[in-house]
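Given the coordinates of chain X, assemble chain F onto it according to the supplied hints.
One line per chain: the protein sequences are X and F, in this order.
The numbers in our numbering rise by one with no breaks, and the one at position 43 of the first sequence is 43.
The numbers in our numbering rise by one with no breaks, and the one at position 70 of the second sequence is 1070.
Hints listed in this document are in silico derivations from the structure and should not be mistaken for laboratory results.
Treat the hints with caution; some may be incorrect.
[Claimed, not checked] Each computed BS3-like pair below joins lysine-lysine, with the alpha-carbon atoms no more than 27 Å apart:
# : chain 1 : residue 1 : chain 2 : residue 2
1 : F       : 1068      : X       : 57
2 : X       : 9         : F       : 1101
3 : F       : 1101      : F       : 1068
[Claimed, not checked] Between beta-carbon pairs, the in silico distance windows are:
#  : chain 1 : residue 1 : chain 2 : residue 2 : range
4  : F       : 1079      : X       : 8         : 36 to 42 Å
5  : F       : 1053      : X       : 57        : 29 to 35 Å
6  : X       : 79        : F       : 1018      : 48 to 54 Å
7  : F       : 1016      : X       : 26        : 34 to 40 Å
8  : F       : 1015      : X       : 63        : 39 to 45 Å
9  : X       : 8         : F       : 1014      : 35 to 41 Å
10 : X       : 8         : F       : 1096      : 27 to 33 Å
11 : X       : 27        : F       : 1008      : 19 to 25 Å
12 : F       : 1017      : X       : 16        : 46 to 52 Å
From the three backbone atoms N, C-alpha and C, an ideal C-beta is built for every residue, glycine too.
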Amino acid sequence: NAGVTQTPKFQVLKTGQSMTLQCAQDMNHNSMYWYRQDPGMGLRLIYYSASEGTTDKGEVPNGYNVSRLNKREFSLRLESAAPSQTSVYFCASSEASTGTRYNEQFFGPGTRLTVL
Amino acid sequence: GNSVTQMEGPVTLSEEAFLTINCTYTATGYPSLFWYVQYPGEGLQLLLKATKADDKGSNKGFEATYRKETTSFHLEKGSVQVSDSAVYFCALPLNSGGYQKVTFGIGTKLQVIP
Chain X
1 NAGVTQTPKF
11 QVLKTGQSMT
21 LQCAQDMNHN
31 SMYWYRQDPG
41 MGLRLIYYSA
51 SEGTTDKGEV
61 PNGYNVSRLN
71 KREFSLRLES
81 AAPSQTSVYF
91 CASSEASTGT
101 RYNEQFFGPG
111 TRLTVL
Chain F
1001 GNSVTQMEGP
1011 VTLSEEAFLT
1021 INCTYTATGY
1031 PSLFWYVQYP
1041 GEGLQLLLKA
1051 TKADDKGSNK
1061 GFEATYRKET
1071 TSFHLEKGSV
1081 QVSDSAVYFC
1091 ALPLNSGGYQ
1101 KVTFGIGTKL
1111 QVIP
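Pulled out of the complex, with its shape left as it was, chain X reads as follows (with noise of 0.2 Å):
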């Protein structure tokens, strides 16, 4: 199975630009999450998904957009790129979570964006 998967790898935008990043995973998981890794501020997340047809707001969501297009893919979009959106971006996924059972997230392996 290929988990979670994510693409681009890597991207350099010009300030003002849009992209979208696209995530699937193929494990049948009802939750989905987009964060991004920042030097010396571990993971925040962006946006997510409890289940197919709702998305929320996480921590640090402006400047973003997310789609759940259906229940394998989860999209992030900027619309408008600033250099402070210059980071690591993770999706990940999970089996949904509840009371004190605590599931387990698998990660993709990031996108690398640059914003100039």
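Quick look at chain F alone, frame taken from chain X:
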């Protein structure tokens, strides 16, 4: 709210040295605790976990014990290898409205030299 504190590093060790990466947490209730590992150029993957106080998680020679009295979950390995070079994240999951909100530490980079 929940928080996780871990040393930033980098930590540089010689092969076969003993490793400790400290992690302390702040949370209400009785959370589970995870360690994730990120190898160069890859995404994070779960290394080990513990679901209640005094539980010991273990995998690939790594161990961590959930200590409620000291609110800690330190990662240890008795003899590191070059292949253990990676970034290690302590993590605290919380179920919130149908999704899993995870508070990650900042990550500790480990470099093991031959």
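A quick look at each hint next to the structure:
1. Taking the CA atoms of residue 1068 of chain F and residue 57 of chain X, the gap is near 31 Å; set against the 27 Å cutoff, the hint is violated.
2. Straight-line distance between C-alpha atoms of residue 9 of chain X and residue 1101 of chain F comes to about 25 Å, which keeps the hinted pair within the 27 Å bound.
3. Restraint check: the Cα-Cα separation between residue 1101 of chain F and residue 1068 of chain F comes to about 21 Å, which is no more than 27 Å; the hinted pair holds.
4. Against the hinted window of 36 to 42 Å, the Cβ-Cβ separation of residue 1079 of chain F and residue 8 of chain X comes to about 39 Å, which satisfies the hint.
5. A hinted range of 29 to 35 Å holds for the C-beta pair residue 1053 of chain F and residue 57 of chain X, which are about 33 Å apart.
6. Taking the beta carbon of each, residue 79 of chain X and residue 1018 of chain F are about 49 Å apart, inside 48 to 54 Å as hinted.
7. One distance hint, 34 to 40 Å for the beta-carbon pair residue 1016 of chain F and residue 26 of chain X, holds here, with the actual separation near 39 Å.
8. Evaluation of the 39 to 45 Å hint for residue 1015 of chain F and residue 63 of chain X yields a pass: the beta carbon distance comes to about 44 Å.
9. Under the hint 35 to 41 Å, the C-beta atoms of residue 8 of chain X and residue 1014 of chain F, about 38 Å apart, fit the expected range.
10. In this structure the hint that residue 8 of chain X and residue 1096 of chain F lie 27 to 33 Å apart at CB holds, the actual value being about 31 Å.
11. Our hint of 19 to 25 Å for residue 27 of chain X and residue 1008 of chain F is violated, since their Cβ atoms are close to 32 Å apart.
12. Checked against the hint of 46 to 52 Å, the pair residue 1017 of chain F and residue 16 of chain X passes, with Cβ atoms roughly 49 Å apart.
Hint check: violations occur at hints 1, 11; the rest are consistent with the structure.
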